[in-house]
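Work out the full structure: start from the sequences and follow the hints.
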Amino acid sequence: MQTIAIIGASGSMGSALSKSLAKGNYRLLLCANDLDKVKAVAADIKKSYPTAEVEAIDCTREACWEADIIIAAIPFGAEQEMADKIREVATQKIVISIANPLNDTYDGLVTAPDTSAAEELQKLLPNSKVVKAFNTTFAADFATPVIDGKRADAFIAGNDGEALQTVSELVETAGFNPVVAGGLTVSRTLESMQQC
Amino acid sequence: MYNLFFQHFNSKVQLTEDEQAHIKAYLTLKKIRKKQYLLQEGDVCKMIAFVEKGALRAYSVDENSNEHIIQFGLEGWTISDLFSFLTGEPATYNIDALEDSELVIISKSAHEELLQTMPKYETFTRLNITGAYLAMQRRLTSIISASVEERYQDFIALYPHIAQRVPQHMIASYMGLTPETLSRIRKRISSK
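As they're listed, the protein sequences go chains A and B.
Just so you know, we're using our numbering here: the first sequence kicks off at 227 and counts up by one.
Just so you know, we're using our numbering here: the second sequence kicks off at 1052 and counts up by one.
Honestly, the hints are just simulated from the structure, not real lab data.
There's no promise every hint is true.
What the hints assert, rightly or not - So the derived list for chain A, only partly shown, Cβ under 8 Å to chain B, looks like this: (1) W291; (2) E292; (3) E314; (4) T317; (5) Q318; (6) L350; (7) N385; (8) E388; (9) R414.
Heads up, the beta-carbon is just placed ideally off N, CA and C, and yes, glycines get one too.
The structure is reproduced here in structure tokens:
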């Protein structure tokens, strides 16, 4: 059984994602700055899935140390701080970037055109396997990933074949249809799909 | 976090600081809690784990659900299903933690890349696998030819202090004895 640390699990995307992964054969470690909020998410998951292995944890570094896969469900602006905390314990592990680096008015990106939030995270965590996923799905989609009898597509981008395979399985567990879009630079396209 | 690992590495092959940093980039640090599995029978073993802190065991389960412990992994030891790791066949062993543990893990892909790019890592691997082979041969010889008392003493020499950390029935399982027989032997040895 793989252990997944979800950083920012009390946010709308983080909690929706945690809940959808609780259906799978994963052990979930939920973390966020506010432990009470994340405990409430864990309790809510336990209510829906009594056998799910889910735990709220207050230390991001500890959670990532235990984890096989790390999901960064945090805004782009918080990536640097998170990376400094987890760099050593995230080495060689899959780190999923779900952020869209939108500006304050949600009509443009704060990243330069020749980069993306995922690529910036990869620079901050050079020895981890960063994969872009779940950024083209809204928090509301997690409740109903099947639209018109078809599972909604969820795009993935990354440079490591084995990591892409693992993340595809995770996306499928969450109820979506995984589509590998290409290498990590494709994140630029995936992230700009979310502008209003 | 990797102190013991590099101490062990340097005792076999001396590394410069740069080489150490190069290897660090390939190592996965993993904490595992008591009773959690690192590997389950039937899965392919894709890593070698070095025990930085804690204790694990590798064991098989027979058709009557009896557990047979093949190896303990204490601090400074390496634990894996080498057959599965090297051949890609499903693992025949389970590996789980007997205590909360901290591991330094080398994944199959990291292992292969290091083998190709770093001769010192290749030497380290050769020495490790040679050591594992010798240990296995010693264990085999001991099982088929030594008296039970000698075997218990060999075991204690190999794993000092283990009796304080691991339940007796597991030691009996490792030795292929019933717990009752092991208890009799320990009494006989201590009365000598």
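So, against the hints stated earlier in the document, which numbers end up violated here?
Failing hints, ascending: 6, 7 and 9.
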